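Using the sequences and the accompanying hints, generate a full structural model.
Protein chains: 2
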Amino acid sequence: MTVELISVGTEILMGNIVNTNAAFLSAQCVALGLSCYHQSVVGDNEGRMEEAMQTALSRSELVLISGGLGPTRDDLTKEVAAKVMEKKLVMDMRTRDRIQAYFDRIKRPDITENNWKQAVVPEGAIVLDNDNGTAPGLILEKEGKAMILLPGPPGELLPLFQKKVRPYLEQLQEEKMYSCMVKICSVGESRAETMVADLLEGQTNPTIAPYAKTGEVHFRITAREKTQEAAELLMEPVLKEMKRRFGSRIYTVREEETLEEVVVRLLEQGRLTITTVESCTGGLLSGQLVNVPGASKVLERGFVTYSNEAKIQMVGVSPVTLEEMGAVSQETAEEMAEGGRKAAGADVGISITGVAGPGGGTEEKPVGMVCMACSIRGEIRRETFYFSGDREKIRKSSVVQGLNLIREELLKYLEGQISGESA
Amino acid sequence: MTVELISVGTEILMGNIVNTNAAFLSAQCVALGLSCYHQSVVGDNEGRMEEAMQTALSRSELVLISGGLGPTRDDLTKEVAAKVMEKKLVMDMRTRDRIQAYFDRIKRPDITENNWKQAVVPEGAIVLDNDNGTAPGLILEKEGKAMILLPGPPGELLPLFQKKVRPYLEQLQEEKMYSCMVKICSVGESRAETMVADLLEGQTNPTIAPYAKTGEVHFRITAREKTQEAAELLMEPVLKEMKRRFGSRIYTVREEETLEEVVVRLLEQGRLTITTVESCTGGLLSGQLVNVPGASKVLERGFVTYSNEAKIQMVGVSPVTLEEMGAVSQETAEEMAEGGRKAAGADVGISITGVAGPGGGTEEKPVGMVCMACSIRGEIRRETFYFSGDREKIRKSSVVQGLNLIREELLKYLEGQISGESA
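Taken in order, these protein sequences are the chains called A and B. Just so you know, we're using UniProt numbering here: the first sequence kicks off at 1 and counts up by one. Just so you know, we're using UniProt numbering here: the second sequence kicks off at 1 and counts up by one.
Hints in this document: simulated from the structure, not taken from any laboratory. Hints are not guaranteed to be accurate.
Identical chains share a label here; the pair holds if one copy fits it or two copies do between them.
Said to hold, decoys possible - List of simulated lysine-lysine pairs, PhoX-like, C-alpha gap at most 20 Å:
1) K107 to K365
2) K176 to K396
3) K412 to K226
4) K176 to K163
5) K107 to K393
6) K117 to K87
7) K88 to K142
8) K393 to K163
9) K83 to K142
10) K243 to K87
11) K107 to K396
12) K297 to K87
13) K342 to K243
14) K226 to K176
15) K243 to K412
16) K412 to K163
17) K297 to K88
18) K142 to K412
19) K297 to K342
20) K117 to K83
For clarity, every value in this text was computed on a predicted model and none was experimentally measured.
What follows is the structure, given as structure tokens:
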């Protein structure tokens, strides 16, 4: 079954935003076993949009369209799609009520008139309720083909696809795609690929595809089978081989699990609490940990110690260490982690101090040099990393490697606990 | 003059990589005053590539194609382009020498045979030397139209475009595009557009285009003119009218300036320091402020006070307030901001405490309810927001509105300073 993507939006054509939706949707469709041969982008222009839709429908069975469903007069996607699929537009009372409830919830009583445009839908369309915005998703079917419309903002498109579109696409085909995700940090992309080059070569079922994101590499293993059990049997040897090669550098094989979730899970498992002491990342690491619902059980407080005075006063770093070794040093990192841990009365302390740039680098301590320490009840590991890229990339990489450092130390600690108990 | 982009690459179609080249090339073309109405993506397939090229040539004067110029048998772009433009392929001795020199430079004496394929060019093509790789860029002209081929890796494409393609495109046209960006927070997208609906209507030169991102709305005003001065004259009345309508809700009109940069700039202007006290955002606000290079001058420390104990011990919130009003209340927010300000010895304190969900919401305090306070030397403003979306969106919206709250209070404070001085 073939699928084709059309992204609608002048901001994509003008280069104001990068089309991450297309990458997300393509990857999802490929994972579902659909073949995707074309992607296109058009602006909010009736004629060109209609032409793009007609062309796509003539060569693909499914057309996935994102963007242009909002309340403004620029938003034409629904209207043009209805024309191409020969459907009348009608008011959908359920959607009207949902929009009303949405505005009630965010306490905006003054709903502007143009918002009601979003409650108008092509007759007979499957309406996909949008929990994160006003415009619903829509599926229009005609003569064995379907056009699927999704709102453009990624915060609305992603959950709507996962919750509503994916089940719709799944029931269209007999064999399903099952996949698992091998997520790795602390190995670079090209090195990771080299380590499994022979597995990537000539793969058919299951397939293995690498994806890189800042500080991490993910491999998706996908099998096409009629049942979950049969698919798992197919994937098992590949998964086993990858585990053998990457070992504990794999932090999860569950698609939906994030690195910070693994860290929170391990902390809960060991009934441990954690505190953060951040300099160059300025709170990003604690911010990421708190992204896990229920993080309050393990993280009670954190310190942003940007200046030397803050490091001394908040977490008791020694002025002598700062003077002699510098703020960016393993010694300072160690005192930050251990001092923060004690000040917070926590079991685990993690610290990050580095040169994020663009200024402040020296020959000895270049931009991108970041020192970290992790203390579990006084057992301390120190690390120095040298990251590339701009300020933002250095800070993001620091957060990933900081989380990974905690993870590695927790694994060791928990292992010690178990062998201690059994001894 | 119209331009159209074709990105060649199975890895884009499969969603393995995000098409950042398209965003870069579009933005560059728009800045050069070219009109871009279509982008498309095709895989390394001869038939589909030829069809895409023919379609593009039929409707656009310039076709910019990236990817598929490498040494492997998959790389077909040049061959298909030569066919479509009816050119013979010939060996280019200068390119052959350059490739030889390239391999000498990176000390790889063992050049594989397939590399010489890259020295073959369509007869009469303008060859664009690639300093960062082996495959040259190529410009093929025919009957007043041109096809421009560029290698896919961004590290090769970007400099090649800047150094070789941009001058070629510049000499093709007389007028250029100039633009500025009106950036607004604290007004929703549909409301913002309603406020300028009449300006958006029937615009030609300059044009106004709205863009939404979490918690913000941006309007790009673009003028097409021969000189910067003439363009600014065209844009001035529109800009003035937008300033009249949105007032201080516009935080900048500079394309590259971010909200956190404005906050840091205003703090520096008033020679003020700031501290952050965060609960549900867990450090994201301080993390965002620290993203501004040189933020150390204004932010010396911050507090992540996730638990009630942390709020009491770190910034002196009263247990009675927490007991009677709750952790998510304007009263607690006020004590967090003011207590944190005093504990840090800072001029400004900003606090955020809310229900980010998914659990923890009640009828009285639903998920998405976020209380904030901003204190400038004891002058306090308190606010309650009701955000929609999931945990991540609520937290992101909180950061944007928290930054905006500081900005608004700083503007008032600085105005007071000025009128105080002149009194």
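Report the numbers of all earlier hints that the structure fails to satisfy, in ascending order. 2, 3, 10, 12, 13, 16, 17 and 18
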